[in-house]
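Residue numbers (my numbering), protein chains in the order written: chain A, 49 to 312; chain B, 189 to 465.
Since the hints were derived computationally from the structure, they do not count as laboratory data. Mixed in with the good hints there might be a few duds.
Said to hold, decoys possible - What follows is a set of in silico ranges between Cβ atoms, one per label pair, in the way DEER data are often shown:
| id | chain 1 | residue 1 | chain 2 | residue 2 | range |
| --- | --- | --- | --- | --- | --- |
| 1 | B | Ile-328 | A | Gly-247 | 52 to 60 Å |
| 2 | A | Thr-228 | B | Arg-455 | 32 to 40 Å |
| 3 | A | Ile-145 | B | Ala-443 | 55 to 63 Å |
| 4 | B | Asn-333 | A | Pro-245 | 17 to 25 Å |
| 5 | A | Ala-95 | B | Leu-343 | 52 to 60 Å |
| 6 | B | Asn-333 | A | Ala-97 | 27 to 35 Å |
| 7 | A | Ala-95 | B | Arg-211 | 37 to 45 Å |
Claimed, not checked - Coverage of chain B stretches by chain A, computed from C-beta distances (three or more under 8 Å per stretch; other residues unrestricted):
| id | region |
| --- | --- |
| 8 | 230-236 |
| 9 | 240-249 |
| 10 | 348-356 |
| 11 | 367-374 |
| 12 | 378-387 |
What the hints assert, rightly or not - With the C-beta cut set under 7 Å, the calculated list includes, among others, these residues of chain A facing chain B:
| id | residue |
| --- | --- |
| 13 | Ala-71 |
| 14 | Phe-79 |
| 15 | Ala-97 |
| 16 | Leu-218 |
Predicted, not measured: the structure shown is a model, and the values here were computed from it. Quick reminder that beta carbons are idealized off the backbone N, C-alpha and C, glycines included.
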Amino acid sequence: MRYLVYAVAGFRRYATYRQATLAAVFTNCVFGFLRSALLLAVAGASAGAVAGYDEQQLATFVWVGQGLIGVVSLWSPPELADRIRSGDVVADLLRPIDLVWQLLAMDLGRATFALMTRLVGPIVVGALAFDLFAPRRFSTYPLFACSLLLATVICFGCRYLVNAAAYWLLDARGPQIAWTLCNGVLGGLYFPLWFLPSGAALLIVVATPFPSIIQLPLDILVERGSPEQQVVLLSVQAVWAIVMLAVCREVQRRGERRLVLQGG
Amino acid sequence: MASGGWCSRVDSRWLTAYGPLVRAQVRSQAQYRASFVIDVAGSVLFGVLDVVAVFVLFRVSKTLAGFTFADVFLMTALANCAFAIADLLVGNVERLRVYVRSGLLDAVLVRPLGVLTQLAVMDVAARRVGRVVVAVGVLIVAAVNAGLALTAARLVLLVVAPAAGAVIFSAVFVGTASVAFWWIESGELGNALTYGGHDFTAYPMPIYGTVFRRLLAYGLGFAFVAYYPALALLDRRDPLGAPAGLGYASPLVAALVAAAAGLCWRRGVRHYRSTGS
Numbered sequence: 049m050r051y052l053v054y055a056v057a058g059f060r061r062y063a064t065y066r067q068a069t070l071a072a073v074f075t076n077c078v079f080g081f082l083r084s085a086l087l088l089a090v091a092g093a094s095a096g097a098v099a100g101y102d103e104q105q106l107a108t109f110v111w112v113g114q115g116l117i118g119v120v121s122l123w124s125p126p127e128l129a130d131r132i133r134s135g136d137v138v139a140d141l142l143r144p145i146d147l148v149w150q151l152l153a154m155d156l157g158r159a160t161f162a163l164m165t166r167l168v169g170p171i172v173v174g175a176l177a178f179d180l181f182a183p184r185r186f187s188t189y190p191l192f193a194c195s196l197l198l199a200t201v202i203c204f205g206c207r208y209l210v211n212a213a214a215y216w217l218l219d220a221r222g223p224q225i226a227w228t229l230c231n232g233v234l235g236g237l238y239f240p241l242w243f244l245p246s247g248a249a250l251l252i253v254v255a256t257p258f259p260s261i262i263q264l265p266l267d268i269l270v271e272r273g274s275p276e277q278q279v280v281l282l283s284v285q286a287v288w289a290i291v292m293l294a295v296c297r298e299v300q301r302r303g304e305r306r307l308v309l310q311g312g
Numbered sequence: 189m190a191s192g193g194w195c196s197r198v199d200s201r202w203l204t205a206y207g208p209l210v211r212a213q214v215r216s217q218a219q220y221r222a223s224f225v226i227d228v229a230g231s232v233l234f235g236v237l238d239v240v241a242v243f244v245l246f247r248v249s250k251t252l253a254g255f256t257f258a259d260v261f262l263m264t265a266l267a268n269c270a271f272a273i274a275d276l277l278v279g280n281v282e283r284l285r286v287y288v289r290s291g292l293l294d295a296v297l298v299r300p301l302g303v304l305t306q307l308a309v310m311d312v313a314a315r316r317v318g319r320v321v322v323a324v325g326v327l328i329v330a331a332v333n334a335g336l337a338l339t340a341a342r343l344v345l346l347v348v349a350p351a352a353g354a355v356i357f358s359a360v361f362v363g364t365a366s367v368a369f370w371w372i373e374s375g376e377l378g379n380a381l382t383y384g385g386h387d388f389t390a391y392p393m394p395i396y397g398t399v400f401r402r403l404l405a406y407g408l409g410f411a412f413v414a415y416y417p418a419l420a421l422l423d424r425r426d427p428l429g430a431p432a433g434l435g436y437a438s439p440l441v442a443a444l445v446a447a448a449a450g451l452c453w454r455r456g457v458r459h460y461r462s463t464g465s
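If we strip away everything but chain A, and leave its shape as in the complex, we get (with noise of 0.2 Å):
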């Protein structure tokens, strides 16, 4: 299995940088500090409950979620649009592999490294300092490890699509910018989207690929709604991530033919 390898080689990639992950966690840390208490002084003030949320599920929505960063690396450097600038992109096109395979491959790699310890870091320091949610229903637990890997698949096609916007732009910095700010407010990342008017929230979820990224999964783990609806939300997650990858496909395709043209 060639694509086993290069999902070893992105795990072994990133468990060099020890000291970047430690620093990493230490950050998401103090954004679950601060984002578990803002949150929290909200439930506070209407009862103890907001949005379907209690204390507890809102703490876990918090920690799991500055976890979830670094799982589905949400901010990423822009390497592929560096490469496709530089033309270094060409010795990958080289390779009798497809690249889009390839990158996801390493990025799953990547990933199970970050679920070991971007993801176990903030869970254990938020479990020390609050009352997080144990997930009741036993089915959560597989219905949350296969949302991860939707998360992770789906956040891989928007970095990706990012990053090809430079095989016509070259500079890919107006998308970045746009993803980064996407990401955040529709994501989740910010305020749960059902903070927002219902319509709005469902809206966003279903027509937009970024609540499948950190909403999606918290909303599962925290068990907010029936074991019917977290089967919904997956169902939601996977058409996401089918569809992305299917634009990836495309888009690099299109991508090579555009790099010919401009001569490498």
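Starting from the known structure of chain A, fit chain B onto it as the hints suggest.
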């Protein structure tokens, strides 16, 4: 500016040496017009976002730790304004770890100019001006919205507080960037206190847990960026029991924090050994 006195003598040399550097930066960025416009729009949107977050939180909650929307909006606006100014002035020093690793800092050190000032102007992001303009506008709206009983003293405080807050944030930018002199792989560590500090100061201090609050609000002086000035402006008592009018002490706190950051920076520059790359 924070710790400016440590690193640059402000005399006519300033304009002749740094002026062209800044002008060249602005000109080069304006060459890529589309990117420049996108950068400006992006920075403006990020600034507006903080206000949107306050609106959303108050959609589901009437008060926050006993403070109304108008109160919190004023705190957020003050914090936002202070941060935007600091980001414009010295935000670029957060790239210090990149410069240390790549060896670019060696080139900076051999020039007969202040190290910190050079780093600050090396990427004067003209885009960041947009955020300052928006932040000032938002602050005016927030002040009007809060219906402040403006005395002369409060009017002065309304202008001094964002400036003092900007000094505190600048000091935090410089202080956290200095870490890279000792620990090159510190990664995003500084973000916890710079961007985290921005988020921390935007809300009333009573919402935070005791230890966390003591560390950041008093240990680093973050309570004096927006919280205490806002209390003084609103003529409100501190639920935490601090004396009234403590907000007027912001410039003093800012001076202390800036001095501490200046010391860190100086020790860091002396400690610096090139990575040899």
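Here is what the structure says about each hint:
At roughly 33 Å, the beta-carbon separation of B/Ile-328 and A/Gly-247 lies outside the given 52 to 60 Å, and the hint is violated. Checked against the given bound of 32 to 40 Å, the beta carbons of A/Thr-228 and B/Arg-455, roughly 34 Å apart, stay inside it. Between A/Ile-145 and B/Ala-443 the C-beta distance comes to about 59 Å, which sits within the given range of 55 to 63 Å. Checked against the hint of 17 to 25 Å, the pair B/Asn-333 and A/Pro-245 passes, with Cβ atoms roughly 22 Å apart.
Here the CB-CB span from A/Ala-95 to B/Leu-343 is close to 40 Å, at odds with the stated 52 to 60 Å. For the pair B/Asn-333 and A/Ala-97, the beta carbons lie near 29 Å from each other, so the given range of 27 to 35 Å is met. The supplied range of 37 to 45 Å is broken by A/Ala-95 and B/Arg-211, whose beta-carbon atoms lie about 58 Å from each other. For the region 230-236 of chain B, the stated coverage by chain A is satisfied: 3 residues place a CB nearer than 8 Å to a CB of that chain, which reaches the threshold of 3.
Check on the region 240-249 of chain B: 7 of its residues sit with their Cβ under 8 Å from a Cβ of chain A, so the three-residue criterion for coverage holds. A count of 0 residues in the region 348-356 of chain B with a Cβ less than 8 Å from any Cβ of chain A is obtained; the coverage claim is therefore unmet, three being the minimum. Against chain A, the region 367-374 of chain B contributes 3 residues with a C-beta closer than 8 Å to a partner C-beta. That satisfies the three-residue criterion, and the hint holds. Counting residues of the region 378-387 of chain B whose CB falls under 8 Å from any CB of chain A gives 5; the rule of at least 3 is met.
Evaluation of the A/Ala-71 hint against chain B yields a held restraint, the C-beta minimum of about 4 Å falling below 7 Å. The interface hint given for A/Phe-79 holds, since its Cβ lies 6 Å from the closest Cβ of chain B, which is under the 7 Å cut-off. Of the supplied interface hints, the one on A/Ala-97 is violated, with its beta-carbon coming no nearer than about 10 Å to a beta-carbon of chain B, more than 7 Å. Here the hint on A/Leu-218 is broken, as its CB sits about 10 Å from the closest CB of chain B, past 7 Å.
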